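Colleague: Residue numbers (our numbering), protein chains in the order written: chain A, 2 to 521; chain B, 2 to 521.
Derived from the structure by calculation, the hints contain no laboratory data. Careful, some of the hints might be misleading.
Identical chains blur together in the list; that is why a pair holds if it fits in one copy or across any two.
The calculated lysine to aspartate or glutamate pairs, modelled on DMTMM-like cross-linking and capped at a C-alpha distance of 20 Å, are [what the hints assert, rightly or not]: (1) 278 x 106; (2) 494 x 341; (3) 467 x 435; (4) 467 x 20; (5) 467 x 41; (6) 278 x 111; (7) 467 x 307; (8) 278 x 296; (9) 494 x 217; (10) 67 x 311; (11) 221 x 491; (12) 506 x 140; (13) 221 x 478; (14) 200 x 140; (15) 494 x 345.
Being a predicted model, the structure only gives us computed values, none of them experimental.
Residues per chain are reported as follows:
Protein chains: 2
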Amino acid sequence: MSMTGADLLLQSLYGMGVEACFANPGTSEMQLVTAIDRIDGMRSVLALFEGVATGAADGYARIAGKPAATLLHLGPGVGNGWANLHNARRAGVPLINLIGDHAVDHLALDAPLTSDLDGVAGSVSHNLIRAETAEGLGEAAARAYASAMTPPGQITSLVLPADLAWAELEGATIAPMPPLPKPAAVEDSAIDQAVDALKAGGRRVILVGSPVTGDEGKLKKLGLIAAATGAEIIADTFVTKTARGAGRAGIAKLQYFAELALDQLNGTAQMIVLGTKAPVSFFAYPNVSSYLVPDGCAVTQLARPEQDVDAAIEGLLSGLGIDPNAAAPVAERVVPDAPEGQLDAVKCWQSIARHMPDNAILSEEAATSSFGAEAFLPTAAPFDHLQLTGGSIGQGLPVAVGAAVAGPDRKTICAHGDGGAMYTIQSLWTMARENLDVVTVIFANRSYAILNVELGRVGAGNPGRKALDMLDIGRPDMDFTQIAKGMGVDAAKATTGEEFEDLMKAACNRRGPFLIEAVI
Amino acid sequence: MSMTGADLLLQSLYGMGVEACFANPGTSEMQLVTAIDRIDGMRSVLALFEGVATGAADGYARIAGKPAATLLHLGPGVGNGWANLHNARRAGVPLINLIGDHAVDHLALDAPLTSDLDGVAGSVSHNLIRAETAEGLGEAAARAYASAMTPPGQITSLVLPADLAWAELEGATIAPMPPLPKPAAVEDSAIDQAVDALKAGGRRVILVGSPVTGDEGKLKKLGLIAAATGAEIIADTFVTKTARGAGRAGIAKLQYFAELALDQLNGTAQMIVLGTKAPVSFFAYPNVSSYLVPDGCAVTQLARPEQDVDAAIEGLLSGLGIDPNAAAPVAERVVPDAPEGQLDAVKCWQSIARHMPDNAILSEEAATSSFGAEAFLPTAAPFDHLQLTGGSIGQGLPVAVGAAVAGPDRKTICAHGDGGAMYTIQSLWTMARENLDVVTVIFANRSYAILNVELGRVGAGNPGRKALDMLDIGRPDMDFTQIAKGMGVDAAKATTGEEFEDLMKAACNRRGPFLIEAVI
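Put together the whole structure using the sequences plus the hints.
Modeller: Shown next, in the form of structure tokens:
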């Protein structure tokens with residue numbers, strides 16, 4: 002059978018289970034585009050900007066539990082996708098970047114689009130593979146897949162010179178699924194130490210990260226441990242996915258601001274760290290500790306993110322003598338009242354929690370507008386909560402795109418701040434192109450509200466007009482309804498609780514993309 | 002006098018002439034924001050996305066002839082700005098990135114926004130400076146300024162940990178203007194060789210780059226040389242700035258596609274290369290040469306971009322015995338007829354050239370829609386033509402922003418393809434916020450039209466529906482009129498020559514931002 006290098010690469014990846022490619026191709030990737038075309042089962046999703054493609058691949062992996070591919074054009078394509086790769090990298094999400102490069106001979110000529118591609122891709126990848134031969138592209142696909150699936154998940158970038166992609170191969174065979182690395186074992190001594198810590202007196206907190214929070218089963222077992230020992234389960238402020246809502250074990254979230262997190266953890270005597278690391282604040286502030294473990298609190302590192310968190314939890318249950326099949330305490334469904342009067346973020350969450358259907362996906366990057374959500378989300382219908390994991394804003398819309406591609410039978414809600422939404426607003430067009438079932442709520446407060454908070458906290462002095470202008474995204478106010486319609490997504494504005502409620506109810510009762518601009 | 006580290010840095014830069022800062026700040030840059038606030042003469046321009054900030058700094062420098070600063074937030078801020086930094090780097094535009102980093106102690110804690118900042122910034126900078134002490138920030142500013150002003154111009158990134166920015170300094174003094182590097186001398190032997198080449202028989206071409214094309218005076222002198230010797234002057238396909246239009250020496254542009262460029266240069270016996278390098282194609286294609294110098298053509302490298310192109314031109318005039326004060330042949334103004342009938346790109350250019358006022362700035366990234374422009378631009382009113390220099394699309398709108406900031410009394414026209422425009426569409430909001438005098442024309446062909454051309458050229462086989470979908474940005478068609486209005490820029494659509502003409506005329510007769518969606 003004759004095939005091109007691009008065919009060998011993509012058919013090998015497809016055989017391993019890579020079924021979606023989020024693409025923004027250029028001339029050097031044309032062979033990859035037509036190779037995807039020749040694979041019936043592989044879905045290609047066009048993004049108008051690479052940050053949409055990389056964020057969507059992240060969202061896809063969080064729901065599908067396996068990597069998607071991105072298709073990126075040379076160094077600038079990686080640059081445009083870098084911020085959302087950063088977010089995925091911080092969270093340990095599996096992802097495979099297919100990056101086209103100039104043909105090898107052409108590279109030496111230093112054409113205008115030549116750049117330090119390995120530098121920019123390497124700076125955000127766990128693993129960078131530069132394909133050397135066309136014949137080796139099946140093996141390169143296998144290496145890339147195994148790398149991406151290395152626990153908890155890795156950003157793998159595969160650089161493909163154009164001449165390898167267009168090479169004709171005779172008798173090439175598709176690479177089989179490679180052996181996949183397993184999570185590293187948890188030390189028995191760490192389990193013993195954690196059991197002792199949980200049996201000790203005083204306030205005990207189990208801090209958990211992304212490898213734990215997305216799995217309803219793990220959270221129920223932790224709920225049993227909490228009920229039996231009096232320990233509290235607290236999740237990292239931002240994790241890839243949290244299984245939440247009625248019928249699931251509740252879980253608290255670590256506060257975002259350092260002072261509030263320190264208050265929240267105050268008096269903790271024992272901290273058991275599971276699938277994450279000891280907590281640190283997002284930013285440093287003059288005269289505030291960045292390390293959030295209270296003085297005198299003992300820390301037990303039970304399992305790092307790349308370790309076997311399942312075995313760690315089983316070890317705790319066994320060491321504490323808890324029946325893993327006992328009924329864990331779970332949240333009950335509470336349907337909030339319909340909101341009324343002038344709209345604010347809390348009323349939006351009230352309405353979202355009223356209407357979000359069973360098994361929905363919530364991609365949330367609401368920044369300061371998220372603060373009211375915790376009153377409603379724990380008792381909403383069961384849903385998966387996806388968050389901004391690496392702090393680089395502009396992730397929520399692309400993640401919603403990818404999540405909706407991975408979960409076509411589930412409703413996706415994207416709740417997003419207006420400032421962050423503008424980084425990757427092109428996502429809306431992909432929602433329209435693919436007719437994705439996503440309801441987007443934009444919290445339009447016309448401000449980088451979080452920076453107004455931070456400005457005071459970092460002690461930057463009395464801000465004048467020019468400084469305040471840098472934190473204000475009004476003048477002119479953006480009209481997200483028009484922007485959405487301009488990209489093919491139907492949209493409407495709400496300024497009262499009643500209006501929001503009507504729009505949210507209608508949007509949850511239809512399929513396809515819709516945007517609500519919540520003027521708050 | 003007491004000041005912060007941020008004050009010392011910014012006041013030093015301001016003293017050297019850095020008067021504009023294109024900013025997208027985050028928490029780690031709050032001290033820089035308030036330090037700018039305290040400098041009356043420094044203009045801060047907010048961008049909703051960093052690619053707008055970096056592209057705007059590029060456009061500013063092309064018109065102002067000196068660097069602006071950008072203000073970028075950590076590694077992700079650099080990532081978002083990377084593609085337009087690539088474009089500026091390829092063109093040798095002076096630019097200073099001020100990049101906030103975590104406080105030094107905080108960095109060690111590996112907080113969520115920690116990344117390989119030096120890696121991502123270093124991969125697109127000529128020079129990366131990491132500030133080490135608050136007291137040294139004046140000297141760091143001087144190093145950064147001198148680095149940026151190193152001929153022909155360099156991307157300089159200055160990384161500033163937050164704790165240095167907030168440090169209080171007693172008795173610090175603002176750094177004076179450093180000595181600036183001069184262009185490297187041109188070898189006498191290179192001039193002699195070039196003079197001999199110009200005196201030789203056969204077809205002779207002087208290929209010129211960005212250090213030459215932006216200066217009306219240099220182009221006139223080259224026009225004298227062309228008239229005296231019969232040599233042709235051809236500019237690189239894409240340069241930072243070309244002084245064009247009536248009253249200026251005409252200049253041909255090298256064709257974009259390799260085959261067309263090879264045809265254009267066919268039969269050249271002598272190529273003299275001035276302020277650029279011997280031509281290569283953008284992309285490689287199977288069985289087509291990437292090196293565009295015809296077989297048997299002798300190449301004389303007269304001056305590289307970093308060398309003294311003025312001295313090189315004077316050397317030619319002297320060696321050829323040409324009076325530099327003779328009257329050079331210049332283009333005459335031709336006012337095209339008003340376009341009529343169904344709109345196409347050529348008719349848009351016809352109308353643009355009719356109405357573009359004297360001394361306008363044209364930021365052009367029209368891709369396939371630029372092909373008709375050359376019939377009208379050489380005889381338009383005199384203007385500066387700014388182009389996409391590094392091949393990474395999404396530069397034209399940001400460059401228009403920065404150019405308009407640098408040239409507030411000049412009309413800026415931004416002529417842009419629809420696909421490229423969506424990469425940095427957030428530029429429109431900054432145009433509205435700053436009330437910039439920019440008329441934007443979007444050539445809405447609803448396609449990555451150039452990729453449809455390239456798909457055949459790279460021999461990628463018969464494209465199927467999925468492949469063609471990746472090159473098509475219709476379904477849904479974007480409505481740029483709505484998108485623009487959603488960002489505060491008034492806009493209208495044209496589908497006929499008459500409609501375009503009416504809109505273009507009106508837009509050129511008023512001040513402030515306006516967008517015309519040319520449906521072609």
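Colleague: Quick one: residue 200 to residue 140, C-alpha cut-off 20 Å, is that within a copy, between copies, both, or neither?
Modeller: neither (50 Å within a copy, 57 Å between copies)
Colleague: Within a copy, between copies, both or neither: which one fits residue 506 and residue 140 at a CA-CA cutoff of 20 Å?
Modeller: Result: close neither inside a copy nor across copies, 50 Å intra and 60 Å inter.
Colleague: Reference check for the pair residue 278 and residue 111, CA-CA at most 20 Å: within, between, both, or neither?
Modeller: between (44 Å within a copy, 10 Å between copies)
Colleague: If the cut is 20 Å between Cα atoms, do residue 494 and residue 341 qualify within a copy, between copies, both or neither?
Modeller: Classified as within: same-chain Cα gap 15 Å, cross-chain 39 Å, threshold 20 Å.
Colleague: Can you tell me if residue 467 and residue 41 fall within 20 Å by alpha carbon in one copy, between copies, both or neither?
Modeller: Answer is between: at 9 Å across copies they meet the 20 Å cutoff, but 55 Å inside does not.
Colleague: Go through the copies and call it for residue 494 and residue 345: within, between, both or neither, with a Cα cutoff of 20 Å.
Modeller: Only inside one copy: residue 494 and residue 345 sit 13 Å apart there, 36 Å across copies, limit 20 Å.
Colleague: Between copies, within a copy, both or neither: which fits residue 467 and residue 435 at Cα up to 20 Å?
Modeller: between (41 Å within a copy, 12 Å between copies)
Colleague: One pair to classify: residue 221 and residue 478, alpha carbons no more than 20 Å apart. Within, between, both, or neither?
Modeller: neither (45 Å within a copy, 47 Å between copies)
Colleague: Quick one: residue 467 to residue 307, C-alpha cut-off 20 Å, is that within a copy, between copies, both, or neither?
Modeller: neither (46 Å within a copy, 37 Å between copies)
Colleague: With identical chains, the pair residue 278 and residue 106 could be close in the same copy or across copies; at 20 Å between alpha carbons, which is it: within, between, both, or neither?
Modeller: Cα proximity of residue 278 and residue 106: across copies only (17 Å, versus 46 Å in one copy).
Colleague: From the Cα coordinates, with 20 Å as the cut-off, is the pair residue 221 and residue 491 best called within, between, both, or neither?
Modeller: neither (39 Å within a copy, 55 Å between copies)
Colleague: From the Cα coordinates, with 20 Å as the cut-off, is the pair residue 278 and residue 296 best called within, between, both, or neither?
Modeller: within (17 Å within a copy, 63 Å between copies)
Comparing the model with each earlier hint shows violations of hints 7, 9, 11, 12, 13, 14; every other hint is respected.
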